[in-house]
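Chains as they are written, first to last, in the numbering used here: chain F, 1 to 288; chain R, 289 to 554; chain S, 555 to 920; chain X, 921 to 1281.
Since the hints were made in silico from the structure, they are not lab data.
It is possible that some hints are incorrect.
[To be verified] For lysine-lysine, the following BS3-like pairs were computed, each having C-alpha atoms within a straight-line distance of at most 27 Å:
1. K3(F) with K503(R)
2. K447(R) with K993(X)
3. K385(R) with K204(F)
4. K187(F) with K661(S)
5. K3(F) with K927(X)
6. K248(F) with K503(R)
7. K204(F) with K447(R)
8. K690(S) with K187(F)
9. K206(F) with K661(S)
10. K874(S) with K1086(X)
11. K3(F) with K1086(X)
12. K206(F) with K385(R)
13. K447(R) with K1049(X)
14. K204(F) with K3(F)
15. K206(F) with K690(S)
Residues per chain, in single letters:
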Amino acid sequence: MNKTWNNGAWFMVLPVLALVAFNAVIPLMTVVNYSVQETFGNNIFFFEGVKWFEEVLHSERFHAALLRQLAFTGTILLIEIPLGVMIALTMPRQGPWVSVCLVLMALPLLIPWNVVGAIWNIFALPDIGLLGRSLNGMGFDYNYTHQPVAAWFTMILMDVWHWTSLVVLLAYAGLRSIPDAYYQAAKIDSASRWAVFRYIQLPKMKRVLTIAVLLRFMDSFMIYTEPFVLTGGGPGNSTTLLSIDLVKIALGQFDLGPAAAMSIIYFLIVLLLSWVFYTLTMRSEDQS
Amino acid sequence: MKRLSWLVPAFYIFFLMLPIYWLLNMSFKTTNEILGSFTLWPTNFTVENYVAIFTDPTWYNGYINSLAYVSINTVISISAALPAAYAFSRYRFLGDKHLFFWLLTNRMAPPAVFALPFFQLYSAMNLFDTYIAVALAHCLFNIPLAVWILEGFMSGVPKEIDETAYIDGYSFPRFFVKIFMPLIASGIGVAAFFCFMFSWVELLLAKTLTSVAAKPIAAVMTRTASTSGYELGLLAAAGALTIIPGAVVIYFVRNYIAKGFALGRV
Amino acid sequence: MARIELQKVAHSYLARPAGEQDFAVKELDLTWDDGGAYALLGPSGCGKTTLLNIISGLLTPSCGQVVFNGRNVTEERPEQRNIAQVFQFPVIYDTMTVRQNLAFPLKNRHVPSDAIAARVTEIAGMIDLDSVLDRKAHNLSADQKQKISLGRGLVRSDVNAILFDEPLTVIDPHLKWQLRSQLKKLHREFAFTMVYVTHDQTEALTFADKVVVMYEGEVVQIGTPEDLFERPMHTFVGYFIGSPGMNVAPVSVEGNRAILGGYAIKLARTYADTPVGAKLELGTRPEFIRFAGNGGAKDGEGLPVTVKRVDDIGRFKVAKVELAGVPLAVVADEDTVIDGDEARIVFDPDHVHIYADSQLLEGVAQ
Amino acid sequence: MTLELRKISKQVGGETHIGDVDLTLASGTLTILLGPTLSGKTSLMRLMAGLDRPTAGQVLIDGTDVTGVPVQKRSVAMVYQQFINYPNLTVYENIASPMRVAGLNRQETDAAVRRAADLMRLTSLLDRKPLELSGGQQQRTALARAIVKGADLVLLDEPLANLDYKLREELREELPRLFSETGAIFVYATTEPTEALLLGGNTATLHEGRVTQFGATLDVYRRPVDRNTADVFSDPPMNFLAITVGGGQVTAGEQTLPATGQIAELADGRYAIGFRPNHLHLARPELPAIAVTANVAVTEITGSESFVHLDFDGQRWIALLHGIHDLEPGSAAEVFLDPGRFYVFNEDDALVAAPDPAEAA
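The whole structure should be built from the sequences, with the hints applied where relevant.
Here it is, written out as structure tokens:
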């Protein structure tokens, strides 16, 4: 698609620019504004410079929350990406069942995030939840409302249940773009199942998998509603991820300065990690 | 192995359906039956929870409000994204690459970061507690997604079709509406599905920007769970009803789902 | 290499084909000798690709048998038939280097690595890919990629046949003749059984020792390029081979003379009993009609025609004439002068054929 | 109506796609843009249509400058190489689209559409969708749409390139009827010299964005102004032989050649002799000929003709023979050059002598 050079195209982009900038730039400026000031109420602000940033960066609480967040995101990526790809590989390529599978798999993605939390809240209760009851029935002492390990297990299982379908659908879309001739060639070269995956399917899925990992990384790193509804950050603050901690500080204790500084740091971390990941895959794509 | 391989997706779908089945199971039980006994099937089947929702204005208003701002957002996002996606797909212009990347970075903005500033911004514009507020706020992440999906579908239409239309004498607007949009109708469908979905599922911004008049169902549910005791049955029924809009919308785009999820890139 | 036989093979894409017209490939018997170069030539939709897929095992024919070297392989899948195929667009393993691509089929067959290395370098030399062996296959030109596909077949010493499905479609027109000549050279060196599907007559006639011309699911002629040019067995073959195609005109036949609009044309053979009720046609190539008056013909010789149009394409001229209202094309060499719209033409009896219902009539030589 | 391109050039990202072209096309004429892929044919056409703006120079129609006029306001029609039709409209609506946009009434549109459809033998397919049709039928739909509104300028960008070999031949027969249909200016781009010769009219040969020669098709074929034009206008490519003329002696490498025909009156110096593949004979012709030995690389058969690829001390020559000849590759063959058919080019590739058209015609 050789595109013609035409700066007139700016007029077509203006509405999008206006709407997104209004929602992104102004709030960001307010956050930046707070992050460098101190207030003791009734709207009087004192310029504090980077005091809040230092404070947040050194605060134990931020490190703990960040660590939990990285652990959570790392775990779900390690589970959901391979699981999603495996399921996509085993799906039938054509036939009536395909669209039925896709619709059913996409269902969890359509449920409001708080309802997902509520469903799992009920589903995993030790006494009246199906999962809680069967686990205890099998001899596990499982009560996610009290045991941090159980809370983490339930939170991760909920996220796998909620988002793996996105990876399956993306991987499946990537697989469907592979022309039949490639599979015929592989048969003729008597390639093994593994070789077919390694040298035909994986390279072709690279693009959509990059999108999948990027989307899953961003969404999981910023997750708030589901874990909050499920565990409220508890027991104690064992499941207080970054977003939950940030909301506690901002809306809970209402000290705007640290909350704003933490927001900026949080946003920069997401931006940085996404950018690093994006350029890594793009560069390896050009070089390959 | 090929013949048995379908077991994997079948088992995965079974795993997905379990919690939803449990939610539905709950929604047809009275609260004390839920607390009292553990039964795989409601012993005394009741629809009182659903009746309660459909009669109590605070509940069904929640649905109406949610559907309202979600539809407004979808319309705004799509109509704003269409020309922009066309520009990105057909033209090179100063800073196009950076603009496209900046749009995507907004999707990386943690909603929690923006909760408070949004509250202040929309209050200052005295838009607080209105459909427009939530619809506009959701544009933050829906417009970039819509642009990305539509640009993918648009790039599938050869540029020569545009030129043939111009040569035939079509002005740009007439070409766009009469020729181009029908060609990417599936793309518009998929983009609308995504905007609807991501706006329908979001809670944080929707809750922050509303209080009474435009309170979404999600906010109504969290209020019930925390304050008026433990009406689990009611909560389950409300939750079940929130799944329906999604299931209906996805039915319309069912054969483009895979392509849509690849954001039109495949 | 294998001797391939198709016995009573026919195929229809419909579960229950009603009649002839539902068959993509109508019943046929074909034998491809070991080491022979065959072309499947015909317009798009004539069933040639269906036939290729039947040979490669991608398609199991609705009826009939496929036999490799006497062994019935009808039910066997492609990988069991030990064939290689070059597709319409380059099918290569992008993330591998050229060397790894060529070694891939042998690695899957657990051939010892030193044997693989030797074989790969040998073949790469033959198809001159040795200079790019260690580059990633992804960023090579289309013709180099097609050579990789071919190489994956050539490295296997036990391959029964190499099938080509219009391999030159994506190649830049100016590079086509280079790849054509290389493929022909390779076939001379390897003598692998080769089946080449194309709609382009130059590719078919250049490669193949024997060309199978197909039309609407039927094999209308199998022959060497000379056969197809000199003695087309079916009016379609005459029309399809050669540019401009063979002239076909309705005639009646008496002994050794064909009557065309009242004019008699001398024939080299006599046709005693023409099938009753059959549509009789005369077929002769524009190259075998010449204008009377040059080439030392006596005056008053030849039949009168009106000249409708003369196209001068440099190396020869194509004149569109009408003999008693019947349009004919005549090829004249670049120096003949055709002026005015009246002329006389002379037919070369040895190259005038008679067709009954589009099939060639033998007739008795005088 | 005359279309005039004055000093037109087009640079894209530092690369010159079109280098100052001057062309004047009168209505009712057919002009062939002949050149290899990427020689600028499509770019020039897009400038004529107004789809792209030239970096420099002017486009004039009947003397008025229309360089800035958008394509919607120009009376132009274009057919692309890859059968471009509106996939969501039927064949009838596709053909009627330019008329409907121009706001013509129903009967007029219907009559014009049916006439164009008859001309392109599409009458039975009018209510089908383009993607249901074969390649040939899709391109006929595009052609019908191009002629239906009687535009003053009709541009055809290699319209037959994607079609089956025999289908291309059939459509090529129908094009002259199309050209005589309206008094418009027809511009036809192709890479195949045979197609240019068959369609006749005028030819502009293009090489790397420049028009090397413009004139009646046969004249450009017979008297190419330079080596580039000669090469562009012959498929298979023209054969060349480097010779040096000195002291009454004509030598090519070690072989000395008899100084007859065009090379007789050459001033001393180095030249390149060009001769077409059909003037390289494997049997001794009656006319005086120069015999040279070369060995056969490979033979290609096209049905009515055979191309014999020969190696002559490192150079690749091609001989084109009538009928079917399949020579043993690697065998040596004596080939005969006919001096009467030589084109002679001097060191900066300009034409010095060409076969005398009268004698060679």
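Okay, the hints, checked on the actual structure:
Between K3(F) and K503(R), the direct Cα distance comes to roughly 45 Å. Violation of the 27 Å bound is thereby established for this hinted pair. Taking the CA atoms of K447(R) and K993(X), the gap is near 19 Å; set against the 27 Å cutoff, the hint holds. A C-alpha spacing of about 24 Å is found between K385(R) and K204(F), which places the hinted pair at or below 27 Å, so the restraint holds. Between K187(F) and K661(S) the CA atoms are separated by roughly 14 Å; this keeps the pair inside 27 Å, and the hint holds.
Among the hinted pairs, K3(F) with K927(X) is consistent with the structure: their alpha-carbon atoms are about 25 Å apart, no more than 27 Å. Distance check on the hinted pair: K248(F) and K503(R) sit about 22 Å apart at the alpha-carbon level, within 27 Å; holds. A distance of roughly 26 Å separates the Cα atoms of K204(F) and K447(R); the hinted pair therefore holds under the 27 Å criterion. For the hint pairing K690(S) with K187(F), the CA-to-CA distance comes to about 22 Å; that is within 27 Å, so the pair holds.
For a cut-off of 27 Å, the pair hint linking K206(F) to K661(S) stands: about 24 Å separates their Cα positions. At roughly 18 Å between alpha-carbon atoms, K874(S) and K1086(X) fall within 27 Å of each other, so this suggested pair holds. For the given pair, K3(F) sits about 35 Å from K1086(X) by alpha-carbon distance, which is inconsistent with the 27 Å threshold. Among the hinted pairs, K206(F) with K385(R) is consistent with the structure: their alpha-carbon atoms are about 21 Å apart, no more than 27 Å.
Note on K447(R) and K1049(X): the hinted pairing holds, with a Cα-Cα distance of about 20 Å set against a maximum of 27 Å. Proposed proximity of K204(F) and K3(F) is supported: the alpha carbons are some 25 Å apart, at most 27 Å. Only pairs whose Cα atoms come within 27 Å are accepted, and K206(F) paired with K690(S) is accepted, the gap being roughly 17 Å.
Of the numbered hints given earlier, the model fails hints 1 and 11; all others are met.
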